[in-house]
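Engineer: Produce the complete structure using the sequences and hints provided.
Line by line, the protein sequences are chains A and B. Here the working numbering runs 11 ahead of the position in the first sequence, where the first position is 1. Here the working numbering runs 3 ahead of the position in the second sequence, where the first position is 1.
To be clear, the hints were calculated from the coordinates, so they are not data collected in a lab. Since we're looking at a predicted model, the values are computed, not measured. Just to be clear, a hint being listed does not mean it is correct.
As a list, the in silico DSS-like pairs of lysine-lysine whose alpha-carbon atoms are at most 30 Å apart [said to hold, decoys possible]:
{"#": "1", "chain 1": "B", "residue 1": "42", "chain 2": "A", "residue 2": "237"}
{"#": "2", "chain 1": "A", "residue 1": "27", "chain 2": "A", "residue 2": "37"}
{"#": "3", "chain 1": "A", "residue 1": "22", "chain 2": "A", "residue 2": "37"}
{"#": "4", "chain 1": "B", "residue 1": "26", "chain 2": "A", "residue 2": "115"}
{"#": "5", "chain 1": "B", "residue 1": "26", "chain 2": "A", "residue 2": "37"}
{"#": "6", "chain 1": "A", "residue 1": "308", "chain 2": "A", "residue 2": "148"}
{"#": "7", "chain 1": "B", "residue 1": "42", "chain 2": "A", "residue 2": "236"}
{"#": "8", "chain 1": "A", "residue 1": "143", "chain 2": "A", "residue 2": "288"}
{"#": "9", "chain 1": "B", "residue 1": "42", "chain 2": "A", "residue 2": "27"}
{"#": "10", "chain 1": "A", "residue 1": "334", "chain 2": "B", "residue 2": "42"}
{"#": "11", "chain 1": "A", "residue 1": "148", "chain 2": "B", "residue 2": "54"}
{"#": "12", "chain 1": "A", "residue 1": "308", "chain 2": "A", "residue 2": "37"}
{"#": "13", "chain 1": "A", "residue 1": "27", "chain 2": "B", "residue 2": "26"}
{"#": "14", "chain 1": "A", "residue 1": "236", "chain 2": "B", "residue 2": "26"}
{"#": "15", "chain 1": "A", "residue 1": "37", "chain 2": "A", "residue 2": "237"}
{"#": "16", "chain 1": "B", "residue 1": "54", "chain 2": "A", "residue 2": "22"}
{"#": "17", "chain 1": "A", "residue 1": "237", "chain 2": "B", "residue 2": "26"}
{"#": "18", "chain 1": "A", "residue 1": "37", "chain 2": "B", "residue 2": "42"}
{"#": "19", "chain 1": "A", "residue 1": "288", "chain 2": "A", "residue 2": "148"}
{"#": "20", "chain 1": "A", "residue 1": "126", "chain 2": "A", "residue 2": "237"}
{"#": "21", "chain 1": "A", "residue 1": "22", "chain 2": "A", "residue 2": "237"}
{"#": "22", "chain 1": "A", "residue 1": "56", "chain 2": "A", "residue 2": "322"}
{"#": "23", "chain 1": "B", "residue 1": "26", "chain 2": "A", "residue 2": "22"}
{"#": "24", "chain 1": "B", "residue 1": "42", "chain 2": "A", "residue 2": "30"}
If we take Cβ atoms under 10 Å as the criterion, some of the chain B residues that face chain A in the derived model are [as the list claims (entries may be wrong)]:
{"#": "25", "residue": "7"}
{"#": "26", "residue": "68"}
{"#": "27", "residue": "78"}
{"#": "28", "residue": "81"}
{"#": "29", "residue": "85"}
{"#": "30", "residue": "96"}
{"#": "31", "residue": "99"}
{"#": "32", "residue": "100"}
Even glycine gets a Cβ: it sits at the ideal position worked out from N, Cα and C.
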Amino acid sequence: MPVLCSSCSEKRAVLKRPKTGHSLCKACFFWAFEEEVHRTIVAAKLFRPGETVGIAASGGKDSTVLAHVMKLLNERHGYGLELMLISVDEGITGYRDDSLETVKRNQQQYELPLKIVSYEELYGWTMDAIVKQVGLKNNCTFCGVFRRQALDRGAIMLKVDKICTGHNADDVAETVLMNILRGDIARLRRCTAISTASEGDGVVPRCKPLKYAYEKEIVLYAYFKKLDYFSTECIYSPNAYRGYARTFLKDLESIRPSSIMDIIHSGENLSVREGVKMPVQGTCSRCGYISSQALCKSCVLLEGLNRGLPKLGIGKHHRLHEKILSQQPLTEQEERKLKSVDF
Amino acid sequence: MAAPVAVHLEFGGGAELLFDGVKEHHVTLPSQSEPWDMKQLLVWIQRNLLKERPELFVQGDTVRPGILVLINDADWELMGELDYQLLDQDNIVFISTLHGG
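Structural biologist: Shown next as structure tokens:
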């Protein structure tokens with residue numbers, strides 16, 4: 012016995028929304044999904060007319076849906092934005108080269124300009140080469156840090172005013188959980204922000220229009236709209252810490268679907284006790300990028316790679332940064348600590 | 004005795020990798036006395052189609068959380084999930100959401 016759409020009461024419902032429990036037909040689902048993103052954008056004042064916005068596109072489900080919906084809403088509601096696609100090539104054979112083909116198809120399908128920046132040209136290191144040196148345990152740290160900066164560089168090359176990424180509700184909730192599990196108070200306080208402010212040279216403000224969109228709905232939107240996206244797990248990610256948070260979150264969602272929104276809500280309303288030591292924002296002494304330490308994470312990781320000391324960026328070795336900046340040699344003991352790698 | 008049931012199965016979102024990369028499968032479930040339901044279909048799939056790492060597809064009696072199931076293009080949550088009784092020519096889609104975006 013088919014369930015009728017709770018919105019139009021005419022057509023057969025095709026999904027049950029985890030957020031609200033409502034059953035919607037295809038057309039009403041598309042409308043609800045798109046208009047919710049529109050409300051998110053308007054309520055948080057994410058864009059201003061005339062701005063150029065870079066959509067971070069990987070060819071995956073979130074960024075493909077983001078590109079599709081941004082273009083649609085820009086036209087439907089007259090945002091007055093100039094949209095572009097920015098893609099990062101981390102140099103992961105068999106994963107990124109395939110998904111980049113998808114982005115190139117997206118470029119044609121949505122008729123948007125595309126800029127691809129690669130780790131190879133920016134840092135002289137592909138992820139394939141990094142994993143060979145670092146192993147399979149902490150490689151995601153390198154990739155995430157490098158990608159953040161790579162997106163900024165691409166955005167500056169394209170002269171965009173803002174970047175938007177396809178992070179969805181599940182991603183944000185996972186990040187909240189991860190920061191709690193790791194005791195990272197500073198990140199816990201920042202991680203639910205829907206947009207970052209523009210802080211310093213070389214940093215382009217970025218936002219997450221899909222912040223309140225459930226991953227399930229993104230996948231179903233893409234499926235019903237027959238959007239072209241690439242779907243494979245990154246070959247280097249199986250041991251990523253986020254995987255644990257993700258599994259936990261999925262189990263929670265299956266018992267109580269509103270958990271995802273509720274976790275985000277908890278994260279948004281946390282306040283930090285007085286007297287808790289928080290990092291102060293400054294700039295990197297070497298490259299000028301935003302940083303809370305003398306050297307930004309990107310410079311530290313790169314230094315570690317170039318010197319054959321893969322653990323330099325992993326773990327807390329802040330005291331050694333001064334030594335490295337001033338080009339002082341490290342003691343044998345210090346070198347040994349930084350060389351050991353888990354595979 | 005119920006007649007054999009022909010169903011079209013589709014695997015997407017990366018789930019197809021557990022089935023030798025084959026996305027579409029046309030299968031005929033053998034006839035049996037009670038009607039086939041989704042719970043039994045999952046067991047059948049695990050036994051007859053799943054090529055590797057069952058823990059990535061099933062968890063206990065049901066699919067692994069993060070795998071969406073559509074029956075004739077509708078969310079299986081609307082159709083009774085595991086209790087839904089299969090009809091001849093039904094189209095079942097399994098989409099994995101567990102990958103980068």
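Engineer: Which constraints among the numbered hints does this structure fail? Numbers only, ascending.
Structural biologist: Structure breaks hints 8, 10, 12, 16, 22, 25, 29.
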